[in-house]
Amino acid sequence: MIDLEFLINTLSLGSLYALLALGLVLVYGILKLVNFAYGEYIMIGGYGLYFSATVLHLPWWATMLFAVLAAVVTSYLTELAAFRPVRNKSANALIVTSFAVSIFLQNAVLILVSPRARAVQLPAVFSRTVSIAGATTPVRNLIIIGTTVVVLVALSVLMKRTVLGMAMRAAAEKFTTTRLMGVPANLVISAAFIISGLLAGIASIFWIGRSASVDPVTGSAPLLIAFIATVMGGMHSPTGAVVGGFVYGLLFNILSITLPAGMISYRDAFMFVIVVLFLLFRPEGIIKGGYTEERVG
Amino acid sequence: MPMLTVENLMASYGVVRALHGISLEVNEGELVALLGVNGAGKSTTLKSITGVLRPVKGTITFLGKEITNRTPEFIVKQGISLVPEGRDIFGQLTVEENLRLGAFVSYERDRYKADLKEIFELFPILEERFTQAGGLLSGGEQQMLAIARAMMAHPKLLMLDEPSLGLSPTMTDQIFVLIKRLREMGSTILLVEQNAERALEIVERAYLLGNGEVEFAGTAEDLKHKVDIASVYFGGDDAQKAGVTL
Ligand SMILES: Nc1ncnc2c1ncn2[C@@H]1O[C@H](COP(=O)(O)OP(=O)(O)OP(=O)(O)O)[C@@H](O)[C@H]1O
Ligand SMILES: [Mg+2]
Chain A
935 MIDLEFLINT LSLGSLYALL ALGLVLVYGI LKLVNFAYGE YIMIGGYGLY FSATVLHLPW
995 WATMLFAVLA AVVTSYLTEL AAFRPVRNKS ANALIVTSFA VSIFLQNAVL ILVSPRARAV
1055 QLPAVFSRTV SIAGATTPVR NLIIIGTTVV VLVALSVLMK RTVLGMAMRA AAEKFTTTRL
1115 MGVPANLVIS AAFIISGLLA GIASIFWIGR SASVDPVTGS APLLIAFIAT VMGGMHSPTG
1175 AVVGGFVYGL LFNILSITLP AGMISYRDAF MFVIVVLFLL FRPEGIIKGG YTEERVG
Chain B
360 MPMLTVENLM ASYGVVRALH GISLEVNEGE LVALLGVNGA GKSTTLKSIT GVLRPVKGTI
420 TFLGKEITNR TPEFIVKQGI SLVPEGRDIF GQLTVEENLR LGAFVSYERD RYKADLKEIF
480 ELFPILEERF TQAGGLLSGG EQQMLAIARA MMAHPKLLML DEPSLGLSPT MTDQIFVLIK
540 RLREMGSTIL LVEQNAERAL EIVERAYLLG NGEVEFAGTA EDLKHKVDIA SVYFGGDDAQ
600 KAGVTL
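Residue numbers (my numbering), protein chains in the order written: chain A, 935 to 1231; chain B, 360 to 605.
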């Protein structure tokens, strides 16, 4: 049953979900905040694609760059304007702030652009199909897998080999002690938001690419996936997020081929059942350990 | 002018007042002890000096510059490093990474290499464990790492919060020998200890804290004579009766 097509499908879906989950966990690691505005960075990335293509008429590669940049800038600005002022307050204040940011961004787009969906065109190469050893797959799937490999390698080099990466890992473990080394709190937190935005931006290209449209609530589904993937994989390390993303992709694809046709549309319900089972029997996720629970303060 | 001056420092945790206006000084080149029973306010004093805890009132001056209410990262840059209570090394990071972060404020490639060499001479075990996760070290080794990490910043003032806590007698001896040696090498040190007898053997001056106030300040000799240390440290309520509030 495990044929090449299934494998490529699962790897590409898992890659996308891993990127989504990773962006959420990086900020969680340092601020201990599940950032509910994370989906909106993806949504803004989508509008970045739309705007740069339809209004600015940029070439396709530039629209992608523009989308990623839009997500990064949005993520960074929300950190500066919304999260930084409440950082030393309670954990609840941070969560509520992230809801507020999410609602604000959705409504801003709704008012400034339109409540209706906008069509987003990705280059034709994305939807072309290729055959590898008898398996047929859209090129898009291969691009997702390749991009994810590059992103994961780059991120792990950043985290392991640079002082900024060391400081971020240290801050995820012991925030106050990291500041006692002279590492500015703002530096590691901003870096986390910027990288989170970068991942959201890259993921947005593939996410929006699948539906070929974007609307103000486009971000809620990827946020949910990122959240579920991190619950399964483990909130407490980037590795957990990546593992969770791939496990989510695998389970989702298994459900897609095993469920009878009439029940396919209930796939998400099944995913929720699985999450509930995780929360009941393995609340720490597949990958234990990693970040501690010390809050910024 | 003293290197560090703390004046009338008051600090609270929420509604709980932990320091009721303490004052102390550390001069350049001195080794000063801050003593007191559990809960006396020793760590709170260090947390206030390092900027981890915002004082309610009072001023802290370091090298002529007021550092009250500044951020921890700013204060480290001015030259104050802390070896925190309970070591507080980064367990997930390697020994190497712990030391590299210790050098965050002072990093220069050549000096860093030279510093590492020096650290390895003081603590050969850290060279052996260089690429291992800090969390895998024993308690004593972690304490050495914590001290080495603080030294990497070339602090003008080194503050140690109960470095001997939880260590074996041999390890404790080693730590005290090391502190003495650092002192001889010219470091200025503020040492927090519960082990008053040991501390008084190596320091010049000491402050005795109790209930968030300075109960006694003077030379190590004075403190040894005037305060019946045994009663303070083993007596609980007897401590008050023994007349610690001099
Ligand atoms: N995080 C905190 N929240 C609330 N109260 C605290 C906190 N930390 C310390 N305290 C209280 O402040 C007072 C002083 O504590 P501090 O940690 O400074 O004592 P200490 O002299 O360092 O004691 P020890 O020798 O046990 O380390 C104590 O009464 C303690 O209960
Ligand atoms: Mg203490």
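Watch out, some of these pointers could steer you wrong.
DSBU-like cross-link-like pairs, simulated, lysine-lysine; straight-line CA separation at most 35 Å [as the list claims (entries may be wrong)]:
id: 1; chain 1: B; residue 1: 472; chain 2: B; residue 2: 416
id: 2; chain 1: B; residue 1: 585; chain 2: A; residue 2: 1094
id: 3; chain 1: A; residue 1: 1094; chain 2: B; residue 2: 476
id: 4; chain 1: A; residue 1: 1023; chain 2: B; residue 2: 436
id: 5; chain 1: A; residue 1: 1094; chain 2: A; residue 2: 1023
id: 6; chain 1: B; residue 1: 515; chain 2: A; residue 2: 1094
id: 7; chain 1: B; residue 1: 476; chain 2: A; residue 2: 1023
id: 8; chain 1: B; residue 1: 436; chain 2: A; residue 2: 966
id: 9; chain 1: A; residue 1: 966; chain 2: B; residue 2: 515
id: 10; chain 1: B; residue 1: 416; chain 2: A; residue 2: 1094
id: 11; chain 1: A; residue 1: 966; chain 2: B; residue 2: 416
If you're looking for bench data, these hints aren't it; they were derived computationally from the structure.
Going down the list of hints, with the structure as the test:
1. Restraint check for residue 472/B and residue 416/B: the C-alpha separation of about 42 Å exceeds 35 Å, so the hint is violated.
2. At most 35 Å may separate the alpha-carbon atoms for a hinted pair to count; residue 585/B and residue 1094/A exceed this at roughly 54 Å.
3. For a cut-off of 35 Å, the pair hint linking residue 1094/A to residue 476/B stands: about 23 Å separates their Cα positions.
4. Distance restraint check for residue 1023/A and residue 436/B: the Cα-Cα separation of roughly 26 Å lies within the 35 Å cut-off, and the hinted pair is therefore satisfied.
5. At most 35 Å may separate the alpha-carbon atoms for a hinted pair to count; residue 1094/A and residue 1023/A meet this at roughly 31 Å.
6. A hinted pair counts as satisfied when its Cα atoms are at most 35 Å apart, and residue 515/B with residue 1094/A qualifies at roughly 30 Å.
7. A distance of roughly 43 Å separates the Cα atoms of residue 476/B and residue 1023/A; the hinted pair therefore is violated under the 35 Å criterion.
8. The straight-line distance between the Cα atoms of residue 436/B and residue 966/A is roughly 27 Å, inside the 35 Å bound, and the hint therefore holds.
9. Using a Cα cut-off of 35 Å, the hinted pair residue 966/A and residue 515/B holds, with the two alpha carbons roughly 34 Å apart.
10. Proposed proximity of residue 416/B and residue 1094/A is contradicted: the alpha carbons are some 42 Å apart, above 35 Å.
11. Among the hinted pairs, residue 966/A with residue 416/B is consistent with the structure: their alpha-carbon atoms are about 30 Å apart, no more than 35 Å.
When held up to the earlier numbered hints, the structure conflicts with 1, 2, 7 and 10 and fits the remainder.
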